[in-house]
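Take a look at the letters that make up each chain.
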Amino acid sequence: MYDHDVLIVGAGLAGMRAALAATDLGVDVAVVSKVHPVRSHSNAAQGGINAALTDRGDDWRDHAYDTIKGSDFLGDQDAIELMCREAGEEVISMEHMGAIFNRDEEGKLGTRSFGGQRQARTFFVADFTGQALLHVLYEQIIKSGVRVYEEWFVLSLIIDEGRCGGAILMEIRTGKIEVVRAKAVILAAGGLGRVFEPSTNALICTGDGMGLAYRAGAPLMDMEMVQYHPTTLKGSGVLISEGARGEGAYLLNSEGDRFMLKYAPEFKELASRDVVSRCEQTEINEGRGIDGCVLLDLRHLGEQVINERLSQIRELAMDFANVDMAKEPVPVQPGMHYQMGGVKADVDGLTNLPGLYAAGEVACVSVHGGNRLGANSLLDTLVFGRRSGLHAAESVRSIKHVNVNDSASDSDRKIIQDLLENTPGESFGQLRSDLGSSMNQHLAVYRNEEGMQQALKNITDVKERFNDVYVADKTKTFNTNLMFTLEMGFMIECAESIALSAIERTESRGAHTREDMPERDDENWLKHILVTKKDEGHEISYKDVVITDWQPTVRQY
Amino acid sequence: MRYAFYPGCVSRGACPELYTATLEVCQILGIELDEESLKGASCTGAGVLQEKNERLGDTLNARTFAMAEKSGLPLMTICSTCQGVMAQANQRLLKNPDYLASINNDLREEGLEYKGTIDPKHLLWIIVEDLGLEFLESKIVRKLSGLKLAPFYGCYIVRPSEALGFSENPGRKQALEGVIEAVGAEVVDFPGKSLCCGFPILTINPENSIKMVGNHTIDAKERGADAMVTPCPLCHLNLDGYQPNAASVTKKEIDLPIIHLPQLVGLALGISPEKMRLNKHIVSTKKLLSELAVTP
Amino acid sequence: MEVKFNVRRYDPESTNTVSHFQEYQLEMDDASTVLDGLIRIREEIDGTLSLRCSCRSAICGSCAMRINGQAGLACNTKILDVIPENDSPITVEPLGNLPLIKDLIVDFQPFWSKVEAVEPWLQPEGEEPESEYIAPNEDMLHLAGVMACIMCGACVSDCTVLEVDDRFLGPAALAKAYRFVGDPRDDADDYRLGRLNEYGGVWDCTRCMQCVEVCPKGVAPMDRIMVLRDKAMEAGFTNTNGARHAKAFSDSVRHSGWLDELRLPIKSFGIFNLKAMIALIPTGIRAQMNGKRPPIFHKSIPGAENVRKIFDKVESKK
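Sequences listed follow chains V, A and C, in order. Numbering-wise (the numbering used here), the first sequence opens with residue 408 and increments by one. Numbering-wise (the numbering used here), the second sequence opens with residue 286 and increments by one. Numbering-wise (the numbering used here), the third sequence opens with residue 2 and increments by one.
No lab work stands behind these hints: they were computed from the structure. Here the structure is a predicted model, which means the values were calculated and not measured. Careful, some of the hints might be misleading.
Unchecked claim - In silico DSS-like cross-links for lysine-lysine, where the CA-CA straight-line distance does not exceed 30 Å:
| hint | chain 1 | residue 1 | chain 2 | residue 2 |
| --- | --- | --- | --- | --- |
| 1 | C | 319 | V | 515 |
| 2 | C | 276 | A | 496 |
| 3 | V | 734 | C | 79 |
| 4 | C | 318 | C | 276 |
| 5 | C | 300 | A | 565 |
| 6 | A | 506 | A | 536 |
| 7 | A | 560 | C | 276 |
| 8 | A | 355 | C | 79 |
| 9 | V | 821 | V | 940 |
| 10 | A | 324 | C | 276 |
| 11 | A | 565 | A | 428 |
| 12 | A | 355 | A | 324 |
| 13 | C | 319 | A | 400 |
| 14 | C | 276 | A | 536 |
| 15 | A | 458 | A | 433 |
| 16 | A | 537 | C | 276 |
Stated by the list, open to error - Far from chain C, by Cβ distances over 12 Å, these chain A residues were calculated:
| hint | residue |
| --- | --- |
| 17 | 415 |
| 18 | 466 |
| 19 | 499 |
| 20 | 508 |
What the hints assert, rightly or not - Residues from chain C that face chain A, not an exhaustive set, calculated with beta carbons under 7 Å:
| hint | residue |
| --- | --- |
| 21 | 209 |
| 22 | 282 |
| 23 | 292 |
Yeah, the Cβ is synthetic: ideal placement off N, Cα and C, and Gly gets one too.
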């Protein structure tokens, strides 16, 4: 059994930022991650990070409004204001740590335009901003000497007398299971992309954090708000950054028209993501697509701009779509990308469960509401990662460890033993594929009651079949087969809460667009949907959206 | 076929056997060597000069190319390192016209200008591509059947593949094996054939350098090789010259003769081993030659 | 098309402690990658096959492995590019130069320790500015080339020096060190260069270009190591065999147009390095006896003064 003051689950941007903030306050911090920190999915973020720097004549209030409008007014305005106010400091902080941001002619930080924003305020490193920032944080983690449980899997959270007091961990390399007590646990385990097939997300994005919180009784909020990114490659689902459109790329239909001019006359290709995805899907559905895709045209940007600012996506398009974007347009389609919803948390990361925090994509504060603006996610992870780390570190001064011993791991040991002893039955690969394709069919850009109910049925079916899942690898050493099976368990919980919330919301807002209820209903639906696991089934509850200065209006781009 | 001959530094210094073997082989294969045009050409820099000043290396090589252009002949190398360094320099010069123009500025005083038309080629590639293996086979007087040979390329003639024209000439990847088979011998394949002989670190970290020699020669020997053949005299210097050191460090008897590419081809063309100085190696070739029933 | 994979398996818990190959066969479409194949193998054929993989788009660095003997990322290696002509299988093995844990999974701890050894964090001096450090965009663009490193380990796997000496810091760690030496905001250059000048540092690279060839992100670690050598020499760290060698080489070519091979090793080791001079004697004798001793009288090439002029011109530009 190990003891720490603060245990952070996940070593991506949010997790490592929290660790640095907490360790600065002198408490004993440990980070646990099922992959090495630099393998975290934060590295796949491409475009940039938003911040309103006042010395550029920008105003955080403008950034806040763009974000609020982008969220289709489901975002909590007090949280959004806070995030936008602290953005500038966070970006400068990263630069001081060594981030190699792009510069303007004066050597100051340079910006590019990004979706849904009236002013260019996205700071970037070519088109691999996420990777650049992740590596900088990792460098700082090495420097600070924070303990990292590298390649350890979190099986469950320790709940004792209504409080979260640590977690049960499994060392992937040896199969060893340990009880780790902590006075505060910060979930920073990222998103759940693999619940959908295809998705831009990495294979490790299986909703572990949301699943852990859900099972521990913490509510999940806004789960129906799943973002489909407008420019992903067909088949693989590989992401092509919004930065391409930020640099001026066009979206064309099969007739060669820039269809976004018609749907979003002001923002055009840089309207908010849900709007662009819907427009693309409409074009495709109405027969103006090419093989289920529209075209992203960068030819007019010229090779120099592409090589300097979009070199990674040029490689990706060549490797995964056999297209050189400097010479030909790239076929793209909407693809599942981000979960706006997550574990309900406040601006300091506190969830409804004492001792449990959440920050980053795993959390829902909510700063993204019904749709996230591009380049706000990197900001979200850093601002709330830092705040959770600080708050958790402060809180532990007055907390004692929970009174548990090694027996706390007994139930997880039994689960694993049972799984390993299962006889040949269902393959996790088949289950994952069935779940993913059903979600992508019924809970994608356009939804309807019948489809969503079907999705729920499919999920229940997968859940049943999961009882017979077979783990072929019986060894203790690096048993990836076992790990995927455990991840599948989390994925099913997440899928269920997505379907339940989607069915519950009887309007269209942000990423949740119902063909049978296409209008936004501010009178009844300016509230978040929460799903909480109960002993028998689940419970739905609501939380009103916090409105400060900006009343909801019609959302036009 | 006529070529502007670039012998490199080593074939005129520590590996004179390479020079003489080359001349003998080219005569029989009908390759005319113009030794005048590049008489005043400098060392390529061998990668060492480049690490101090890349532009200086590029200028010296551009100068050599300009001299070859003046002769109107294609340029031939006989050393993997010369070949690789020249190919990399050429790639940089041709990729950026502004860079080439500024380099030419520095050559102007001597009355030279590189116009970008040179494609340096190693004798190995000339044999395989310009002459063809069938032509080589037609000239063979003594088939080296029964001989088992391990190929050792030398880093600079296989990496980086982009600079060496591998995508346009995929045959280059297995060129040495092609020649070995064309002369009737059997190829002994081993993983180290395109790895490093250790020569560049010989004066910097001799222990590591000698370990590399030991690894590759012992591995080839254990797989049944009678000898190792290489198109690079620097590799030859290490694999041959330092083999006794490797043997004493590993406490193993290695005794694997290392022969230059032209010496191999020469043997098959009926040239006497003595003429090609095969009796002047550090690791004796006596046993190898006796197996071929050739008097050393 | 039908694709055969020959995958190296190793189960540390079995009684068979030697790794062995296992062949798998799949029907795959033309656009597939090696990773697509491996994932399908573990989902459809053999659930015990273990490997690391995550992003599938060449950014996380998890899936580095040796394919047909050469290190690379499985996720961006197209089947069509590696399928052998004669219908033989594609060989898939774990990375080299790192301890094997299981199947295609190696222990990365030695890799991370070396990265950590170069103190890979920005070390600016003085007070932090209110806002950002001012830095030219060219410098940031230049660093983006090195920062593109995803720490996948391909370069380390195929490094020929690491094969014989694991005290070498290796291409990834050295490239990472360059990222800081090349950063105008970092003020620890002399300190870093001094440490990189020690055993296992920049001078132990054998310039074999394996790391340049196998890097999936175009980082070209060897090129960075060469720049570090240059910077080390410029910063005054000239008391190494490597620095002496580079100087002697350069002097020789400048003076005569080509290499004085007789004097080069002597100058590299340093004539007062008795141990090294004595070690050279047997080599010298063997060379002498076989007519391989380079000429004592080193004659310049015709027109060597032209070479000298070029040296003067180009070196003054630097």
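Okay, the hints, checked on the actual structure:
1. With a CA separation close to 27 Å, the supplied pair residue 319/C and residue 515/V stays within the 30 Å bound.
2. Distance check on the hinted pair: residue 276/C and residue 496/A sit about 19 Å apart at the alpha-carbon level, within 30 Å; holds.
3. This hinted pair checks out: residue 734/V and residue 79/C have alpha carbons roughly 22 Å apart, not beyond 30 Å.
4. Under the criterion of a C-alpha separation no larger than 30 Å, the hint pairing residue 318/C with residue 276/C is inconsistent with the structure, at around 39 Å.
5. At most 30 Å may separate the alpha-carbon atoms for a hinted pair to count; residue 300/C and residue 565/A meet this at roughly 23 Å.
6. Using a Cα cut-off of 30 Å, the hinted pair residue 506/A and residue 536/A holds, with the two alpha carbons roughly 15 Å apart.
7. Under the criterion of a C-alpha separation no larger than 30 Å, the hint pairing residue 560/A with residue 276/C is inconsistent with the structure, at around 37 Å.
8. As the CA atoms of residue 355/A and residue 79/C are separated by approximately 44 Å, the hinted pair breaks the 30 Å bound.
9. Between residue 821/V and residue 940/V the CA atoms are separated by roughly 22 Å; this keeps the pair inside 30 Å, and the hint holds.
10. Pair hint residue 324/A plus residue 276/C does not hold up; C-alpha atoms about 38 Å apart against a cutoff of 30 Å.
11. Between residue 565/A and residue 428/A the CA atoms are separated by roughly 23 Å; this keeps the pair inside 30 Å, and the hint holds.
12. Annotation: proposed proximity of residue 355/A to residue 324/A holds, straight-line Cα distance about 13 Å (limit 30 Å).
13. Distance hint between residue 319/C and residue 400/A is fulfilled; the C-alpha atoms sit about 25 Å from each other, no more than 30 Å.
14. Taking the CA atoms of residue 276/C and residue 536/A, the gap is about 21 Å. The hint holds against a cut of 30 Å.
15. At roughly 20 Å between alpha-carbon atoms, residue 458/A and residue 433/A fall within 30 Å of each other, so this suggested pair holds.
16. Simply put, residue 537/A and residue 276/C have alpha-carbon atoms about 24 Å apart, close enough for the 30 Å limit, and the pair holds.
17. Every beta carbon of chain C lies more than 12 Å from that of residue 415/A, the smallest distance being close to 24 Å; the non-interface claim holds.
18. The claim that residue 466/A is not at the interface with chain C holds, since no C-beta of that chain comes within 12 Å of its own (minimum 15 Å).
19. With a least CB separation of 9 Å from chain C, residue 499/A falls inside the 12 Å interface cut-off, contrary to its annotation.
20. Taking the minimum C-beta to C-beta distance to chain C, about 15 Å, the non-interface status of residue 508/A holds against the 12 Å cut.
21. For residue 209/C, the shortest C-beta to C-beta distance to chain A is roughly 4 Å, which falls under 7 Å, so the interface hint holds.
22. Because the smallest distance between the Cβ of residue 282/C and any Cβ of chain A comes to about 12 Å, over 7 Å, the interface hint for this residue is violated.
23. Of the supplied interface hints, the one on residue 292/C holds, with its beta-carbon coming within about 5 Å of a beta-carbon of chain A, less than 7 Å.
Of the numbered hints listed earlier, those contradicted by the structure are 4, 7, 8, 10, 19, 22.
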